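Place chains B, C, D and E on chain A using the hints.
So you can see what is in the structure, the chains are spelled out below.
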Amino acid sequence: MVTTASAWLLPALPFLAFLLTATLGRWLPGQGAGIAIVLTGAGAVLWAPLLGALFVEGPQLYQPVWFTVGGDALHVSYIVDPLAALVLGVVLICSTHIQVYALGYMGGEARFGWFFAVVALFTAAMLGLVLSASLLTLYVCWEVVGLCSYLLIGFWFDRPAAVEAAKKAFITTRVGDVGLLIGILLLFRATGTLDIPAIVTAVQQGAIDGGTLTAAAILVLLGAFGKSGQFPLHVWLPDAMEGPTPVSALIHAATMVTAGVYLVARLFPIFEAAPVALAVVAAVGLISAAGASLLALVQTDIKRILAYSTISQLGLMFAALGTGFLPAAIFHLTTHAAFKALLFLAAGSVIHGTTRQKLDELGGLRRSLPVTAFTMLAGAAALAGVPLTSGYFSKDEILLGLLDRSTLLFVATLAVSALTAFYTFRLWVRAFLGPDQMHGHAHESPAVMLGPLVAFTVPSLLLGFLLFIPFGPSANIIAFLAGETGHPPAQYAEIGSYYHAHHEATPNGLVLGTSAAAALAGAGAAWAVYRSGARIRRRLPGAAVLERGFFIDALYRWLTTQVVMRLSAFFAWFDRRWVNDAGVNGAGRLPAVVGGALRTLQTGNLSTYALAIVAGMALIAGIILWSGR
Amino acid sequence: MIPLEAVAGLSAVLFAIGLYGVLARRNAVLILLAVEVMLNAVALNFLGFGAFRGDLTGQVVAIFVICVAAAEVGLALGILLRLHRNRQTVDIDRLDELKW
Amino acid sequence: MNIPLLSLMTLTPLVGALVLLVLPRDRHGLIRAVALAAAGISAAAAVAVFLVYDTVRAGFQLAERLPWLPQIGIDYALAVDGSSVVMLLLTGIVIVTGVLISWRVDYRPKDFFALLLLLVAGVYGVFCSTDLFFFFFWYEVAVLPMYLLIAVWGSTNKEYGALKLTLMLVAGSILIWIGLLMLYVASGINSFDLFRLQHITFDPLTQSIAFLLFMIGFGVLAGMWPLHTWSPDGHVAAPTAVSMLHAGVLMKLGAFGILRIAMTLLPEGARIWLPVLLVLATVNVIYGALSAMSQRDLKYVIGYSSVSHMGYVLMGLASLSLIGTTGAVLQMFSHGIMTALFFAMVGVIYDQAHTRDIAAFRGLICTMPAVSVLFILAGLASLGLPGLSGFVAEFLVFSGLAQAQAWLFVVLAVVGVAITATYVLRLIARVFFGPPEAAWRALRDGTPLDVAAGASLAFVLVAVGLYPAPLIGPIVGSVLPIVRRLGGVE
Amino acid sequence: MSFDGALVAFGIVAAVAIVASLGVVLARSVVSAAVSLVISLMAVAGVYVLLLADFLALVQVLIYGGAVTILLLFALMLSRTGRDSGLTTRHRPIATVAGLATAIFLGWAIVATNWFALPYAQLQRVELPIIGTALFSTWALPFEVVSLVLLVALIGAAVIARTGDAP
Amino acid sequence: MTALYLLLPELLIGGLAFLVLAADLLLPARRAPIVGWLAALGMLALAFFCATWWGAAGAMGELYVLDRFALLFKILALVMGAIVILMSLDYARRRLPGAGEYYGLIVFAALGMALMTGATELLTAYIGLELLNFSLYVLVSYSKWNPKSNEAGTKYILLGAISSAVLLYGLSLLYGLTGTTNYAGIAQALASGTPSPGLVAALVLILGGLGFKIAAVPFHMWAPDAYQGAPTPIAALLAVAAKAAGFGLLVRLLAEALPSTLPLIGPPLAAVAAATMVLGNTVAIRQRNLKRLLAYSSIGQVGYLLVGLAGFGAGAAEAIVFHLAGYAATNFAAFLVVIIVENRTGDEDIDDYAGLAERAPFAAFALTAAFFSLAGLPLLAGFVTKFYLFLTAAQAGLIWLVAIGVTMSVVSLYYYLMVIRQLYVVAPIKVGPLPMTATERALLSVLVVATIAIGVAPAPLFVIVRSAVAPLFG
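Protein chains in written order, with my numbering: chain A, 1 to 629; chain B, 1 to 100; chain C, 1 to 490; chain D, 1 to 167; chain E, 1 to 474.
Bound conformation, chain A alone (with noise of 0.2 Å):
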């Protein structure tokens, strides 16, 4: 029978498959591919079980020890509660499936089996993160998904492109890092403690005051924003479409990215006890959600369309945790996993059957790609928000908890609303409508890459049912989220787990209708505008700055090669000309310099000797006089 405490198999089984594909790859059947997708599909399957155990024991939190520093011991606690559960459906049946996909996708690539070990470590590191409850471990596996994302993103290292982008992610990453890292000791600085039940326990009872943990907070949040490409550390997520699709659809847009909202969540008492901190998350969102929509307009790379959406959608559920409505977010996490995951494989069938991913090389699609293009209409409704689809329905539930709140966050949601349908519809029809560019060489993909397209097609539609269908002992997934799981309420909050009183969500009618129309009317304008093939050459106002992304890129570069290069040189400069040459050689040069004086006093002459003794004896007798006096 699977209980809770054995949570700690799924990751292990991923983490086993990287072992033996990594090390015995080479001898192993289809370089370990097979490995790597059985385990992790044994995680999958154990999910369920694990689901009904939590629904049996409630949130249980488990603490082996790591190593002991003095008193203090280092924990490798993890804990199992109704976020960390869901969330690891969401990673174990994307990573599977994906994979499978990948099959097919990566088919003739030298370092197959590589690649196969490196999606195990991350879907590891991945399910280590969402089961993690001591920072550490976080942190850990945090550092671990980020050097995956790195390795990944860098698979073609052959390709400058990649390698660049690579760079940039993880230095990107890392920056934020530093922040999570700062953050982390701050927090261990005023409790004590690593564990985030201990932590939180200690914020509610208002041990810790607010100047520091809003500082923390903050901090925190700084890492979160840089691994979920949130303005201002959004630059490396489009770059890092340099890499295959499989690992953009996996890494770029179901899982990793999420991390950021996933840790905000896991701390989200800590983020309560600091309204600033919680104004900041539903500012940054907003303002994500606003820039990434409008720059995804103007991309012609349809992997570039999908990355920005990514960042766009993330804001949403940014927004949503900002405004205190952790379920909605969470709920939106899972679906939105399932149907960006669905436009990036659509996406990476396309590139597979046309050798091209530049929309203006594409056309008329739908018929040398009929699955391809069903499937990712399906994808692009649910993204677009089109009624009944469970992009609807999990946006729904945001813009009701950003109705409360302000009916201006609620407008400008909507306007986002509007234009993802706008270039979600453009990026459809332009690719599959219209004249067939490819005069029919457009292959489809095989039955291993359309497998999962058609799998991941019925989450994107039904998801949003889950909301009137009884979840478990939970009315519904918002209520399960909440922790209304028939366990008392002490027990989450004794391993800080996250429990709000549900308000009941009355599905209002005001926001079904407004929503509902935001999405038709932007599918319908772009349906309008690129019906008919032709290429639209006027430019939309302003098309360049979107283009330049604000020119963000532009300026990090500037600060990168201007700024911090030039110090360093400088640093090198002073280094070699002053602290070595002046300072050391300097000094190295004075007894010589000295000697070389001296020498001369030796002139070889004997009464200058005979005058040397004298005056050597006048010296004497001076300092005995002197000494003596």
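You may find that some hints are simply not true.
What the hints assert, rightly or not - Distance windows between CB atoms, simulated: (1) 29(C) with 399(E): 22 to 32 Å; (2) 27(A) with 18(C): 24 to 34 Å; (3) 445(E) with 26(C): 54 to 64 Å; (4) 148(E) with 124(D): 53 to 63 Å; (5) 148(E) with 7(D): 45 to 55 Å; (6) 70(C) with 124(D): 52 to 62 Å; (7) 27(A) with 445(C): 12 to 22 Å; (8) 399(E) with 97(D): 34 to 44 Å; (9) 196(C) with 460(E): 17 to 27 Å; (10) 65(A) with 196(C): 33 to 43 Å; (11) 27(C) with 23(A): 47 to 57 Å.
Unchecked claim - Calculated from the model, a selection of chain E residues having no Cβ within reach of chain C, i.e. all distances over 10 Å: (12) 52; (13) 61; (14) 256; (15) 264; (16) 378; (17) 457; (18) 459.
Honestly, the hints are just simulated from the structure, not real lab data. Predicted model, so just to flag it, every value in this text is computed and none were measured. From the three backbone atoms N, C-alpha and C, an ideal C-beta is built for every residue, glycine too.
Just chains B, C, D and E now, with coordinates in the frame of chain A:
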């Protein structure tokens, strides 16, 4: 009535003159002469102190000083002659091949 | 344990060196075998010491004492505590891998290995001697072969590098010498024995002056800013094995000296000067990292990165907290392994390519996969990636600093980690990834020996990264009394 | 000899000694330097007589007056090549300063210290046999060693000065 | 009658000297090496004989004493003399005309050293010193056809004469003050009185005179020229043996005769020590001739010994003698290598030593070991002896002087490394191995082993030195 200070003073003056001679002369043999003056002053000093103490040690040491001085002159002149035969000079200002 | 383990460990290399001197010059095979045997036995002894050391009982164990010059109070006294056990293990590992990597030295290998063994004997001696005179004696033994090793077998401007390195280390050592004399005279107990000196509280003025002398003296060796300039030049000029031993182990000698002598005997002095050390160490971190970023020679980057990482060690020591100091000693170990791996791999590349100019290389991973992967692993360890020993050590140092409320320094240190990440990744991206350069088509991967040496170092990095308890246990045991005496945070 | 007579005699002899010594160091010609050395030595011998150390005076006259001066004269004659330009080094002014300083310093040292001294009247002559026995009893060791010193000087002068065994 | 048997060692040495001179007369010129061997073995035998007398002690009137200190210096003098003779066997055969008297004079020098350090009375000490000086005056100008040797000899004897006059004048003033020439008597007389100007003058003059003997700055100027000009073995004799005896005399004088004047002469000695160390080591950097470099290096070493004198006491005396022993073995090794190279190639410049490690590996190793020992690096004599020397100075409160000392050690390491660089790093100009005779190889090995042995296990030597110095301090 000769006071001790007078004898010692005389010896000091002779010593100083000898020292001047050593510092000022360029001819090695003349330097030797000056050294002889200094040694002579020393002998006088020893005798002076010995005599005024009624102790014969002074006199004995003076004898030894004179012996050593004589030996020194002999050896020094031997070396100077060898130097003269090789370098045709005893002028110490020209003896600066070994320096720095 | 009746066999004198510590003496066996310290004296085997010396005996090895003597045996080598007797061997005929041209029997390279025999020479290498003897060298490896000597290094191997000493490393085995080091491992045995590590295993035999009882962490629970902590304190000084395996003590050996032999009157050497009793009239002055000097005994040939050896004993190990937690930190020295860890450092001996590091030395054992680095010397064995160093000898393996030097298998290809064919210019007068006899003298090379004899001097190398002399160097390592000195290092062993320092880590396990508890008589201050012998601490200084072994420290100087380690400096003795340095000039010849670098000047004869070195590479770029080897004579300048060798001379500067030797003279700066000896200059540092004279400050330690004066400090020792001051302590000896002030103590009045006419003995150099560490344990007896520990019980004496010196007057504050002597403590302050002596601590400063030790800090600067050992600081030179530990690469403390601004006395660090010998480190990049020295390591670039030195042959591979020597840079491995030097950056990997000898620089830790400096930090170990501060811990073992200055902080143990002079608590008052420590309280006055450690804040200054903290500031200098922070400069080390940032200054080293930024300088490393714009270097053009591969070894210079590693040299400056060693300066930066030694900054972390010194910060840990200066944090006056148990966790911080434990982190410092662990960082000594982890950085030692990391730098040894770095230099080993660069040595392999340099031996074939005969250049270390970063701009000249591209896509090395295609022609030299094993060497590249090992170098990248060392790079990841140096930027503090969790799962490798670098992270654990640095995390402890940062928590120590956090406990000591030194927030500015925590921020700067963590920023340092970010800068390190930048220059390491730029280096890796530039040299190893990217399309393979036509010019380097002929490069072959490292020989089995090189890869074996590199792999064993890499294994240690990962093992300590995943499960550091076996190292942290003994370190905490030895550092606790010192921190308690300094009144640091426990 | 009346007491003050001794003082007068001492004065004369001392003056002669000082003038002669100055002659040694200041004479422009080598020969006059040698001659003034002899006079100076003889004057000092006179002082010895005044201090009732007649044996010492005898030794002085014999060794110095006889052997040493002849030797020096020989050396001077042999080394006169006429090419020497002047007899004083360029350090002459400093030398004078040094000389005067030494004289003043020693003079001050002698005057400022109160030496233990018997009055001149109580000086006794030391009989020759006493000196003889002393030389061969208490001072036997230095006496033997001085003979070795003389031997070494003898051998040295011979080895160095002889012209044989060219390289 | 004074206990004549106490003088047996000195008599035997004198006898040996005459034997050597006689042997030289009887044997034809080409048999000179036998005379050398006779002298050397004789001296070694006598040294062994003195060693067997280690327990004996006794005074010969107030003039001379036979105590462990005197015995130690007799042994040292004999051994050092033997080493110099062994070093010069090959050298004399090639470069010195008529080496017969040469060996005899070295034996006389050894006798002078023995007397100097055994005397407890000013006159005997002075006469012993003069015997040593006279032998050295002759030996320095012994290669009489070489103008450099003549110049060196002239400078040495003239300055030597001046210094001995100065020393004597000082001794006469001391005699005037104390009424006796016996060390114990002087000490007793000075103990009661307050320091008078007369005493100051006496001390200045004595320090000046003896300063010349040990070539302390500013009385050192003769040394570099003398070492360069003199035949190299004699340079070794000057640099090591003469200095050792000079310090032996100084230690006994300060310990037994002038203990009460220590506060007076402490500061000037410290100043002279500092000046000697600084000048010796810095000027050495600029030297291109190896013999002159060794000269300045030995002046530097005298500086370290003077640090011991400046903080004089029982410990300091031990340290000085201890350092002297290590210094002797090390310097002889260095000079022997210079002799070997000079014998085969005639070069003295450092540049001619290029690549010596290729041509004469053992010689290069020996020179490196010697230089590292002089620089005070461990495993070699210099480290321990210098450490103890600076330790006693620190105990006497002269930390500033120790600071200068250790700094100058670093400077000295620099110019030693410059020479070692020539040996190992620079490629050889001349090609072909540099052979060594069997005696040279054996002697060099003994010296190197001695240097390392003192460095690694100093306890035995230290015990001997401690027991030797003990009698001086009652």
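Discussion item. Between the beta carbons of residue 399(E) and residue 97(D), is the distance compatible with 34 to 44 Å?
Written reply: 37 Å, holds
Practice prompt. Please confirm whether residue 459(E) is truly not at the interface, meaning its C-beta sits more than 10 Å away from all C-beta atoms of chain C.
Written response: Label violated. Min Cβ-Cβ 6 Å, cutoff 10 Å.
Fill in: Outcome of range test on Cβ distance (residue 27(A), residue 445(C); 12 to 22 Å)
At roughly 20 Å between Cβ atoms, residue 445(C) and residue 27(A) fall inside 12 to 22 Å, so the hint holds.
Worksheet item: Any Cβ of chain C at or closer than 10 Å to residue 256(E), or is the non-interface label fine?
Response: 23 Å, holds
Item to complete: Examine each Cβ of chain C, and state whether all of them lie more than 10 Å from the Cβ of residue 52(E).
Response: 25 Å, holds
Discussion item. Using Cβ atoms and 10 Å as the threshold, tell me whether residue 264(E) really stays out of contact range of chain C.
Written reply: 24 Å, holds
Fill in: Verdict on residue 457(E) as a residue remote from chain C, using beta-carbon distances over 10 Å
Violated, because the least Cβ-Cβ distance between residue 457(E) and chain C comes to about 8 Å, which does not exceed 10 Å.
Item to complete: For residue 65(A) and residue 196(C), compare the CB-CB distance with the range 33 to 43 Å and indicate the outcome.
Response: With a Cβ separation near 39 Å, residue 65(A) and residue 196(C) satisfy 33 to 43 Å, so the hint holds.
Fill in: Assessment of proposed distance window 24 to 34 Å (beta carbons of residue 27(A), residue 18(C))
48 Å, violated
Item to complete: Given the range 47 to 57 Å, decide if the beta-carbon distance of residue 27(C) to residue 23(A) lies inside it.
Response: 39 Å, violated
Worksheet item: At the C-beta level, are residue 196(C) and residue 460(E) separated by a distance inside 17 to 27 Å?
Response: 25 Å, holds
Worksheet item: Hey, does residue 61(E) actually stay past 10 Å from chain C on C-beta?
Response: 34 Å, holds
Consistency note: the structure conflicts with the earlier hints numbered 1, 2, 3, 11, 16, 17 and 18.
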